[in-house]
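Line by line, the protein sequences give chains Z and P. Quick note on numbering: the numbering used here labels position 245 of the first sequence as 245, and the sequence is numbered without any gaps. Quick note on numbering: the numbering used here labels position 844 of the second sequence as 844, and the sequence is numbered without any gaps.
FYI, nobody ran anything at the bench for these hints, they're computed from the structure. Heads up, a few of these hints could be off.
Under the rule of at most 30 Å between Cα atoms (straight-line distance), these lysine-lysine pairs were calculated in the DSBU-like manner [what the hints assert, rightly or not]:
#: 1; chain 1: Z; residue 1: 184; chain 2: P; residue 2: 934
#: 2; chain 1: P; residue 1: 927; chain 2: Z; residue 2: 228
#: 3; chain 1: P; residue 1: 211; chain 2: Z; residue 2: 78
#: 4; chain 1: P; residue 1: 900; chain 2: Z; residue 2: 173
#: 5; chain 1: Z; residue 1: 56; chain 2: Z; residue 2: 7
If you want the building blocks of each chain, they are given just below.
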Amino acid sequence: MPQIFSKKANTYSRVSLFCLLALPAGAIMAGMAVTRGPAQTNVGMPLDQPVPFSHKHHVEELGIDCRYCHASVETSAKAGVPTTETCMSCHAHIWTNSPLLEPVRKSYETGVPIKWQKINKVPEFVYFDHSIHIARGINCNTCHGPIQDMHITWKGQYFFMRWCLECHREPEKYLYVNPRDPDKDPRQKAFDLYSLNKYGEDLTPIEWRNLEGSDLKFSKDQIAEGEKLVEKWGVKVKQLTDCWTCHR
Amino acid sequence: MGMDNEQKRNDLAALQAKLAQSRGKDLWRGLEEVSETEEFNRWLDDEFPNRGTLPHVDRRDFLKFMGASMLLAGLSGCRFLPKSHIVPHVMGPEDRVTGIAVYYATTFVQNGFGTGVLVRTYEGRPLKIEGNALHPSSLGASDATMQAAMQTMYDPDRAKAVTYRGEPSTWELALGSFRKCLEQTQKGELGPVAILTPVTTSPNFAAWLRKFVNQTGARWFQYDGVGRDAAREGVRMAFGDDTTPVYDFKKANVIVSLDADFFSEGPGHVRYTRDFAERRRVHGEEVELNRVYAVESTPNLVGAFADNKKRCKASEVRQVAEALATAIGLGSGGTAPASVGDSFVQQAAQELLANRGSCLVVPGEHQPKEVHALAHAMNVFLGNSGLTVTYVEPVEADSKSGVLSIGRLAEAIGSGQVGTLLILGGNPAFDAPADLNFAGALSKVEHTFHMGVYANETSELCDWHLPEAYFLEAWGDARAHDGTASIIQPLIEPLYEGKSQLELIAALCNDPRPGHDLVRDFWMKDRGLSKEAWERALHDGVIEGTAGREVAATLQPLNLDPAQTTSGLEVIFRPDPTIGDGFYANNGWLQELPKPLTKTTWDNCVYVSPKTAEELKLNVWRDADNPQHDLAEVTVGSASVRAPVIIQPGHPDGAITLHVGYGRTKAGAIGDGCGSNVYPLRTTATMHFAGNATLKVVGKTKVANTQYHHSMHGRDIVRYGSVSKYKENPTLEPPGTMHIGGHGKDEDKYNLFRQGKKDHAFDGHQWAMVIDLGLCVGCNACVSACNVENNIAVVGKDQVINGREMHWIRIDRYYGSKDGAPSLDSPDTHFMPLACMHCEMAPCEPVCPVAATVHSAEGLNMMVYNRCVGTRYCSNNCPYKVRRFNFLYFTKQYEMPSLKMLMNPDVTVRSRGVMEKCTFCVQRINKARIEEKKSGVPLKDGDVITACQQACPTQAIIFGDLTDEQSQVNKWRHEHRNYTLLPELGIRPRTTYLAKVTNPNEEVEA
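Starting from the given sequences, assemble the full structure and let the hints guide the process.
Set out below in structure tokens:
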């Protein structure tokens, strides 16, 4: 009796078996790659805005404090986006004829607001509060990325819940004091980083991590230092991971 | 039909006997529970009563669906991030910070009288109404209507545009048309102009009306569907002149209520309830309670709370008043009706006499003028004038109004003396006395204009409809129950084309200024307020020094008309306890709010006593699978109405109660077709009650009643006792109560939070609530406040019938007895507010397969909507049945653009398939905690106030931090009366109760 399958059937069967396992796994991994990558999360993607506003220019080069425009960041859950009036407080005097600023002037004249694309957004079921994070000295860049380097603003972090929990579970890795002035109000310290960097101060590893978003290996001493701050500022670590702290 | 009824009819004697035999269970929820029929118990025990409404799916289909859902479940997590925009202001508004709510003072008007409120606005949207602590009618408290009024503001069915005979038109055309009418009248081509308004207390509006009347020779009439004519006429009868009585319940040791419900009706009722509660507080050994004697017809909240209560027909209250007057030595010849009995009247009289100057006789809003006159006469006779009751100059702008006024208007129309009729607010075509045939009269007027928040039954019959701005959109003013004036300050530009009545009438006087200028100029120019005083009035919500001046009230000799008695079956007409005279018919929150005593929703019913039900051969049984009530047809004269029958223990015999306000046909999507219209039964002569009614059963119908849902199967729940019992045993604990870890010496042994066990690592503030049952009057303010604060969905009548209402807090009503035999006829009534208790050992938590309900470090039982997959095991395991499940997409209604604006942005709007429950207002806790951390100033007691606590007029709810030794909640928890509900479960609920202490006069014969 002749053989039913020729020799090459072996190869086909092996390849089929491999594909049977590999394709679904590949599909799942591809799906994960898409959902976690910038294609879905928009991290690192500058969006088209009606006005090509540059944070790098305003923050780094001009040294304007964050709170000049995001005025309610210390008091309210929302940081606030500047009104046209705020833009015009300077641009009524400088760059008054710049074509890039035409939408701003038009908005001021007509009373129709500028419609910005939203970059940083947490889902509706997350009740995020800017003010308390600032009060604890969490620097803007921790969540928003190296804003001083952004010509057109992009999203700095993907805002997955596990990313939030990194800090809420281990706040000792994120709390720090300004070593040049350890008693400084943590709230104020959060905004000092840009000028310290601009004027060439030596930044500590934590400060670098916060400013540029670089990875950081913590030593035992650094963690002990952070734990002292947790204690000193009365941060209730268990409470930070209570569901109702952020969802309700 | 009749035969069927006959067979299934309850044997009341047997019920009574059964009740008398019952030992452990002397609290019962209703007749069906006492009767304990097999059908009823089956219905009660069924986890899914009325399962007929659930879809029938066979096993194969079920598996298919399950398989498909599991496959697709993962996909539901996949989506691309939605694009959204940030649209900042062009010019930043002053004092507004994005993300921070601002409060403004304004005035809520009920029946013409103003109550000061503070309204929370969020980015320009008014969201929540709270009482204004500085306003004399509120003192910080509010009531159910005031809370729910927010929904009326955003009601998509509100009148949006000027219409002429149903076609869209404009303000210019409408005003032009009216001016043309005026011209024609001046030329004599058209009959005179008449204006019909609701009763108003606004000095400004009245001034403009008078100006208009002077300019044009128009006539001004006033009418409220459910008005206070009797109260005003009673005062006039007693003193020969108009004054407004202002009560001081704080000073009254003895209060006699003549069918009065000062907890929920009439000017100042919120304030009165708060004052009253001051005299009901029991702390340790201090037991100085006032005593309430109540005579009631339709059971009301004061009767439910009263220490001694008697029921009689509404027409008999006057006899009681006369008997009481005789007994205190004022007048002669009065004898109490048999239903009340001499003993009650004599005892009440004795105590009144013993407390001259510190007692109070309060007449009911819906009693005839003679009862009011007698009550005032007794108060003056007892020396209460100037002490517990002060007579101030009339608060109403024109106190000579009411049913006589609309009668005169109807007469004028009938004789062709009205060429143009302008109706400002109100709905006379719906609610005017039936004998006036006001709807018919309207057609005889050549030009008719109606202004209203809604285009209602009256607008339909008028040529022109003008949209009115709601009180949150307009400037105005109103006076409180004591005359204090306050400004109505808008919180938002009118959503639609609305204008205020004030603006309209000024425009008709050729003064088209905006409302703000009219109000400011009136108070600053005419009334001489300085700029500072005006600004302070806006800020504080009261205009200082405007309280009514006291007037000398000298009693006139009373010439009482012969008593208006009724024969045959008496019908008592009352405004609906939730939707009032019908204005709020389209307010879903109020429709679904259970009526305080009967717990029915969405309907008006025929309320009847057990004994009369037996005489009328009415059926109380429910069919287990298909609970139905008798549908009765009540006929008075030539008019009749059909409504379901509810047998209400405590209702007087020989009478039935019908609530007006229902049966609207032009209310809107929610209110149309709910209940039946009772107004056609009510005539000028029988505004409050009528005799010779007939009732016959014409069929069966369903009633959406929350009464039997979430039953606790008759266990001892409400703890209560008289003052003497309290002095014997201050815990008021029934013998044989089991304890595991309740209050008392075992506290520490079982107290997980103090031991700090690993599983329950409590940290930080520990939140707890105590509810004083001795103060709860059952008014529903807390339920309504919770609805607004927490975005509670309205589910509709059918779903309430299925037991799916979503209220996070409910007020259970129990009937009980004092000491003697429990009584079906006149039981004691107890209320118990119940929300999630946040048990330290919460039974709901371990049964959740997805950890969607877990415990927080601060002792809160958290519910995580995003994790919930809807197994409902938690609800199954909750001993208090306080969890609510979104069986359907109930919140879809809130996707409508205007209703979207109603939602509190601090609270998630829950979707289908998730469980929800009371959160202890965690959004308020989080806010306070964040402020605490930012400022570094520790929270003080009272910094976190839950919505229910804030609304409560009696301050029966206390919320606070257990770790603060000095906190009020700790003090209450250390009262002897403090007890845990179902202590034997050992689940350590964070909400505990204080047993109710009553102060009955034991001498009164039953």
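Hints numbered earlier in the text: which of these fail when held up against the supplied structure? When the structure is compared with the hints, numbers 3, 4 and 5 turn out to be violated.
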